[in-house]
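S.K.: Here the numbering used here is used: the first residue of the sequence shown is 1, the next is one more, and so on.
These are calculated hints, taken from the structure and not from any lab test.
This structure is a prediction, so every number in the text was calculated from the model and none was measured.
Glycine included, each C-beta is placed from N, C-alpha and C at the ideal position.
Watch out, some of these pointers could steer you wrong.
DEER-style ranges, computed between Cβ atoms [what the hints assert, rightly or not]:
| id | residue 1 | residue 2 | range |
| --- | --- | --- | --- |
| 1 | Asp163 | Ser76 | 20 to 30 Å |
| 2 | Glu162 | Lys342 | 32 to 42 Å |
| 3 | Gly167 | Pro211 | 22 to 32 Å |
| 4 | Leu314 | Ile173 | 54 to 64 Å |
| 5 | Arg320 | Leu171 | 36 to 46 Å |
| 6 | Glu162 | Trp284 | 48 to 58 Å |
| 7 | Lys342 | Asn137 | 50 to 60 Å |
| 8 | Glu344 | Gly252 | 14 to 24 Å |
| 9 | Glu162 | Asp210 | 33 to 43 Å |
| 10 | Lys78 | Arg152 | 36 to 46 Å |
| 11 | Ile173 | Gly99 | 37 to 47 Å |
List time: in silico DSSO-like cross-link candidates among lysine-lysine, alpha-carbon distance up to 27 Å [to be verified]:
| id | residue 1 | residue 2 |
| --- | --- | --- |
| 12 | Lys250 | Lys232 |
| 13 | Lys232 | Lys244 |
| 14 | Lys135 | Lys166 |
| 15 | Lys250 | Lys134 |
| 16 | Lys250 | Lys342 |
| 17 | Lys250 | Lys349 |
| 18 | Lys166 | Lys232 |
| 19 | Lys134 | Lys166 |
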Amino acid sequence: MKGKVSNALVVALILSLIVVGVAYAEEGKPPHRIRVLGEIIWVDLHASAFGLHARSGEEYRFEVDRGTHFRSPAGSVKEFSDLEAGMRALVMGFRSEEGLIARLVVTTQVEPQPERVIGEVSGIAAASASFSLKKQNGAVVTIHTTERTHFRGRDGSIQCIEDLEKGMVALVIGFEREDSSLVALIVTAAYREDNPDNLRRFRGEITTVDPEEGTFTLQIIEGASVTFQIGKRTRFVSRDGSVKGLEDLKVGMIAYVGALENEGGWFAFVVAVAIPKDPPDCLWGRGRIAALGDHVFTIESRDGSVMTFFVDNLTRYRSRDGSVEGFEDLQVGMFAIVGAVKLEDGQLKAVFVGVTRASTERPGDAERHYEQPDMQVGP
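Given only the sequences and the hints, what does the whole structure look like? Please build it.
M.R.: What follows is the structure, given as structure tokens:
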């Protein structure tokens, strides 16, 4: 049995010591006294016996007779017939040739422990103040709410059952009823996308925008095209605040998208436009890295021409083996494909640096890597 003896149980025990002392005095000092704390697991009125599961894990069988006294903090247990399975009890008695004889049984009801259930809100019945929760194993639990139920949500957005929506993820703490439903004490709910770990991230170039359908398509760095649906819960982000909705997206923009798969498609919750692509000033560079400086590098192409680029914290890096994650990972001799924009002062700012060949590879391999069509400018 787990848990500590309640204060009420201790008080009842102390008050009962006088009684048990008198009982022992009446029949003489028992040869083998026993004292066990545990949980009553069965009661047999016909046999005048009950079972006790001790905290040590052992199980005991106690018999009762006219000399057995019963006590409880509330006075609800006065005789053997008042015992019930599940009660906590401290039993004092002795061991005889026939078995264990109880002389004092001090009981208290087992306080129910709250249950914790996590799942997805699958149905809401506001009229009956209840909702359904689908757990990860597929089982559906009915949750009942009362005036004492506390609702919690991100930024105080969940105040009552009417604020819940299907598809939300909820944590419920409450007490189980006989029908296996729960009466909720606390309901904490949030949209699944509020947890960044649940979103899948995409980045690439916007190739189509369809305001009527509420969709746009992104050609991602890996070469595939992904179409996203937007809605009222889609948030748009841009450095200058110019992109506030789907109508502000333009073909050629570079975007980050955080989305969840929804009925076979993708629903975009976050669309962050990083750097609009300006075709007249956007250019490519390819070749071996010939020199590295302070946030500056130079590449030399096959025809001997050179191009110098500077980088900043918005420059994105990519390599076939994942070894290049930043400017400090670049090395002289690497083969690189660079996507850049030309600034007003004529400098070339690297937007994307794709390293497709280390210096240890053969020249033929480098050219084959370079010709891959999936390498394109992106954040």
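S.K.: Within a Cα-Cα threshold of 27 Å, do Lys135 and Lys166 meet the stated pairing?
M.R.: holds, 13 Å
S.K.: CA of Lys232 to CA of Lys244, is that 27 Å or under?
M.R.: It holds: about 12 Å lies between the C-alpha atoms, which stays within 27 Å.
S.K.: Is Lys166 within 27 Å of Lys232, Cα to Cα?
M.R.: holds, 16 Å
S.K.: Need the status of pair Lys250, Lys349: alpha-carbon distance at most 27 Å?
M.R.: Between Lys250 and Lys349 the Cα gap is close to 21 Å, so the pair holds against 27 Å.
S.K.: Can the suggested window of 14 to 24 Å be confirmed for the beta-carbon pair Glu344 and Gly252?
M.R.: holds, 19 Å
S.K.: Going straight from one Cα to the other, do Lys250 and Lys134 come out at no more than 27 Å?
M.R.: violated, 40 Å
S.K.: That 54 to 64 Å hint for Leu314 and Ile173 (C-beta), does it hold up?
M.R.: With a Cβ separation near 44 Å, Leu314 and Ile173 fall outside 54 to 64 Å, so the hint is violated.
S.K.: So the hint says 22 to 32 Å: do the beta-carbon atoms of Gly167 and Pro211 match that?
M.R.: holds, 25 Å
S.K.: Looking only at beta-carbon atoms, does the pair Glu162, Asp210 fall within the given range of 33 to 43 Å?
M.R.: Holds, since Glu162 and Asp210 (Cβ atoms, about 34 Å apart) stay within the stated range.
S.K.: Within a Cα-Cα threshold of 27 Å, do Lys250 and Lys342 meet the stated pairing?
M.R.: Measuring from Cα to Cα gives roughly 20 Å; hence the hint holds.
S.K.: Determine whether the Cβ-Cβ distance between Asp163 and Ser76 falls within the hinted range of 20 to 30 Å.
M.R.: 41 Å Cβ-Cβ, so the 20 to 30 Å window is violated.
S.K.: A range of 48 to 58 Å was offered for this pair. Does it hold for the Cβ distance of Glu162 and Trp284?
M.R.: Taking Cβ atoms as reference, Glu162 and Trp284 lie about 55 Å apart, which means the hint holds.
Of the numbered hints listed earlier, those contradicted by the structure are 1, 2, 4 and 15.
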